[in-house]
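Given the coordinates of chain Y, assemble chain U onto it according to the supplied hints.
2 protein chains.
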Amino acid sequence: MNIYDVSEKAKVSIATVSRVLNGNPNVSEKTRTRVLEVMDELGYTPNVFARGLGLGTIQTIGIMCSDSSDPYLAHAIYFLERELRSYGYDSILCCTGSSLETKRQYFDLLRSKKVDAIILAGSKFIEMKAKDNQYIIDASAEIPIMLVNGYLKGDNIYCTLCDDRMAIQTAAGKLIASGCRDILYLYTSNSYSGTNKMKGYRDALTTHGLPLREEYIHNCRKDVLSARDLLLELHNSGLVFDAVMTSDDTLAVGAVKYAHATGRSIPDDLSIVGYNNSIYAVCTDPELTSIDTKVEALCTSTVNTLMGVFNGGNVPSRTTIAADLIKRATTKF
Amino acid sequence: MNIYDVSEKAKVSIATVSRVLNGNPNVSEKTRTRVLEVMDELGYTPNVFARGLGLGTIQTIGIMCSDSSDPYLAHAIYFLERELRSYGYDSILCCTGSSLETKRQYFDLLRSKKVDAIILAGSKFIEMKAKDNQYIIDASAEIPIMLVNGYLKGDNIYCTLCDDRMAIQTAAGKLIASGCRDILYLYTSNSYSGTNKMKGYRDALTTHGLPLREEYIHNCRKDVLSARDLLLELHNSGLVFDAVMTSDDTLAVGAVKYAHATGRSIPDDLSIVGYNNSIYAVCTDPELTSIDTKVEALCTSTVNTLMGVFNGGNVPSRTTIAADLIKRATTKF
Numbered sequence: 001m002n003i004y005d006v007s008e009k010a011k012v013s014i015a016t017v018s019r020v021l022n023g024n025p026n027v028s029e030k031t032r033t034r035v036l037e038v039m040d041e042l043g044y045t046p047n048v049f050a051r052g053l054g055l056g057t058i059q060t061i062g063i064m065c066s067d068s069s070d071p072y073l074a075h076a077i078y079f080l081e082r083e084l085r086s087y088g089y090d091s092i093l094c095c096t097g098s099s100l101e102t103k104r105q106y107f108d109l110l111r112s113k114k115v116d117a118i119i120l121a122g123s124k125f126i127e128m129k130a131k132d133n134q135y136i137i138d139a140s141a142e143i144p145i146m147l148v149n150g151y152l153k154g155d156n157i158y159c160t161l162c163d164d165r166m167a168i169q170t171a172a173g174k175l176i177a178s179g180c181r182d183i184l185y186l187y188t189s190n191s192y193s194g195t196n197k198m199k200g201y202r203d204a205l206t207t208h209g210l211p212l213r214e215e216y217i218h219n220c221r222k223d224v225l226s227a228r229d230l231l232l233e234l235h236n237s238g239l240v241f242d243a244v245m246t247s248d249d250t251l252a253v254g255a256v257k258y259a260h261a262t263g264r265s266i267p268d269d270l271s272i273v274g275y276n277n278s279i280y281a282v283c284t285d286p287e288l289t290s291i292d293t294k295v296e297a298l299c300t301s302t303v304n305t306l307m308g309v310f311n312g313g314n315v316p317s318r319t320t321i322a323a324d325l326i327k328r329a330t331t332k333f
Numbered sequence: 001m002n003i004y005d006v007s008e009k010a011k012v013s014i015a016t017v018s019r020v021l022n023g024n025p026n027v028s029e030k031t032r033t034r035v036l037e038v039m040d041e042l043g044y045t046p047n048v049f050a051r052g053l054g055l056g057t058i059q060t061i062g063i064m065c066s067d068s069s070d071p072y073l074a075h076a077i078y079f080l081e082r083e084l085r086s087y088g089y090d091s092i093l094c095c096t097g098s099s100l101e102t103k104r105q106y107f108d109l110l111r112s113k114k115v116d117a118i119i120l121a122g123s124k125f126i127e128m129k130a131k132d133n134q135y136i137i138d139a140s141a142e143i144p145i146m147l148v149n150g151y152l153k154g155d156n157i158y159c160t161l162c163d164d165r166m167a168i169q170t171a172a173g174k175l176i177a178s179g180c181r182d183i184l185y186l187y188t189s190n191s192y193s194g195t196n197k198m199k200g201y202r203d204a205l206t207t208h209g210l211p212l213r214e215e216y217i218h219n220c221r222k223d224v225l226s227a228r229d230l231l232l233e234l235h236n237s238g239l240v241f242d243a244v245m246t247s248d249d250t251l252a253v254g255a256v257k258y259a260h261a262t263g264r265s266i267p268d269d270l271s272i273v274g275y276n277n278s279i280y281a282v283c284t285d286p287e288l289t290s291i292d293t294k295v296e297a298l299c300t301s302t303v304n305t306l307m308g309v310f311n312g313g314n315v316p317s318r319t320t321i322a323a324d325l326i327k328r329a330t331t332k333f
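So the sequences go chain by chain: Y and U.
Using the numbering used here, read the first sequence as starting at 1 and increasing by one per residue.
Using the numbering used here, read the second sequence as starting at 1 and increasing by one per residue.
Distance windows between CB atoms, simulated: (1) Y:K327 - U:R221: 19 to 29 Å; (2) Y:K129 - U:A177: 55 to 65 Å; (3) Y:Q134 - U:I321: 36 to 46 Å; (4) U:A130 - Y:Q105: 39 to 49 Å; (5) Y:T262 - U:I326: 23 to 33 Å; (6) Y:V315 - U:D108: 28 to 38 Å; (7) U:A130 - Y:Q134: 53 to 63 Å; (8) U:Q105 - Y:G312: 28 to 38 Å.
Straight-line Cα separation of at most 30 Å, BS3-like style, residue types lysine-lysine; simulated pairs: (9) U:K9 - Y:K113; (10) U:K222 - Y:K327; (11) U:K113 - Y:K9; (12) U:K114 - U:K131; (13) Y:K294 - Y:K222; (14) U:K129 - U:K294; (15) Y:K113 - U:K30; (16) Y:K114 - U:K113; (17) Y:K9 - Y:K30; (18) Y:K199 - Y:K131; (19) U:K114 - Y:K114.
Under 8 Å between C-beta atoms, here's a sample of chain Y residues computed to sit facing chain U: (20) S69; (21) P71; (22) H75; (23) I77; (24) Y78; (25) E81; (26) R82; (27) D90; (28) L93; (29) C95; (30) K113; (31) V253; (32) K257; (33) Y280; (34) C283; (35) T284.
The set of hints was computed from the structure by calculation and includes no laboratory data.
Bear in mind that the values here come from a model prediction, so they are computed numbers and not experimental data.
Quick reminder that beta carbons are idealized off the backbone N, C-alpha and C, glycines included.
So that you can see chain Y by itself, here it is in the shape it has in the complex:
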C-alpha cells in the first residue's frame, strides 16, 4: 500500500496526493475529499521511511550547491526548499565546495540515502571534460537529475536555464548605443553559465562591428576588493576603457570602488553593469545597473518540472527563462 495506489485509485497525480498529505491549500475541496476517502478505504498511512524499505518514496530531494553562503545560491536554496515543501517534499542540503572529488562524494552520499531526485543548484556542477560528468549521467538512469542554470544532455536530466548569453548581449548593445567603445569584461568562471555570458559579450561586439581584444577580457576572483585592485592595475598599465561589464555584482561593486579611487565619474566617464541584481546592486553610490537573472522563476520552474517527471508527464528537458535588465545609475541608458 503506498502513495501510488492512492494516486491511481483516486485518479489524481502523486503530487496532488502529496499536497493533500501536507495540507497544501493548492487543492480543491472536492479533490481533497476524494483523496482522503481513498486513503481511508485503502487504510493508507503515510510513512516517510517507506522508500528505504523499497515500498515507495522517502519524499526527500537532495539539493547540492557549491556554497550556500554565495548570495545567488542562498536565494536558490531558499526558493527550492520552499517550492519542494509546498509539494510535501523535504530537502537534504549538501554544500559541496568546488572540487570534483567532493562533489562526487556528496552525490554518491545522496544516492545512498535513496533520495527521490537530486537538484544541482548553480552551473558549477558540470565539468568541461565529458567523462567527468559521466557519474551524473549514470545516476540519471535511476533518479531524475535537475540542473538549475547548468546544462547536461541526458535522458532523465532536466535543465532550467537563464538566457545569460542574450542578457549580456543586450546590455552590451545598450552600452555601445550609449557611446561606449572600450568595454572591459570581468568574469569569474568558465562554467556553462560563464561561457554563455562570455559569448554574449563577444556577440555584441561583433554585431556592432567593434574589435574583439583579448586584453579587454579578464578573469577575476568573485570578490569586491579583487575586482577593484584588478581594475586599478589595468588602469595603471595604461589600458583605456569606458565601460566595465561583469559576470557578478560583487565585481561591479569593485568597479565602483575603482572609479571612486581614481576620481572617474560614473556614468559620464565610466559605465558599469552588474549581474544577478543582488542586494549589492543598491549598496553602492551610484547604484548599479544590473541583470536580474530571475532566480525565483528558475527554482519554481525546476520544481514544477520535477513534479511533472514524478507524475510521468511529458516535460521539457530544457527550459530557458529570459533575464531582465534593471536600469539604475551606473549607465547612461
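Just chain U now, kept in the frame of chain Y:
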C-alpha cells in the same frame, strides 16, 4: 543491532562510529580498524532508515531558519551543514518565514520525521511570551534542541550565543572616546539578540554619563534604502546626530548612502558602525567599521555541543562567544 551496540562494544563514541561510517579522515587508523572489526563481528549494516522503525537513528538533524537568503543565516546554514556532515549527519533544511504558526508547523513536521535533533538558527525563534515557546520546551523532553544565537531555558536545550551586548557596548564606548556625543541607534528586531544589542547601547551611554534619549533609538526594516530614508527623515526633522550605530550591516550601508546624499563627511562629521561584518561592510566607500559576530565559531560550537549531548557527555547548556570589532574607515577610532 545498531550504532549504539557498535559504539559500546568498540568502546568509542557514537560520533566516532559515524565518522568511520562516513569515511571522515578525522579518526586514527587504529580506531577505524577496531570499529570496522566490531561491525563485522556484530554483522552491523548501516541503515539510514533504522530510526524510522525505532531501531536507532536516522543520522539527520533538522535545521530551521527564518530565511536562508539572509546573509547571516546563509552563512550559518553553510557552516552547520558542513560541521554536521563531518560527523556523518544529514541536514534537513526548513526556511520557516517569521510567523509563529508557520514556525510551529515546520517544527512539528521535523519532529514527525524523527530527526535526531533540531537546530534553530538565528534568534528569531524565541518569542516574547513564555507560553509561545512551550512547544519547544515540550519537544526537548524527547530530542535535543540547539539554539544558535538565541536563548531559552530548558533541560535539553543548548544555546550558543554571541556576546552581542558587550560587542555593542564596546563599540559605543569607542565612539564616545573618539568624541561622539549624539549617537543614533537603528535596530531591526526585538529578538533575544536584538534586546541584548539594545542593552549594550544603553549601558554604554549610562556608563559614560550621557543622556538616554528615546528619539535617538529607531526601529528600521532590515533594508539598505529603508535605513537611508529613515536617516534622511530624521535629518530633515532637525535631529542632530554625529554617529549611527546599527544592529545590521545593511542599515549601516544605508547610513553611508544617507551621508553621501546630504554631503556629510565620514567619519569627520559622521561615524558609522555596522554589525555582522558581512561582505556589505566592504561594498561602501568608505568601508564600514563593523562587529564580527563569529558565525562560524557559533555554528562549530553548536555542532560540537550536540555531539557531546549524543555521547552523553556533560555539556554546557549555554556557551557565549565574544565578538570582534573590525575597524575600517567609518569611525575615527
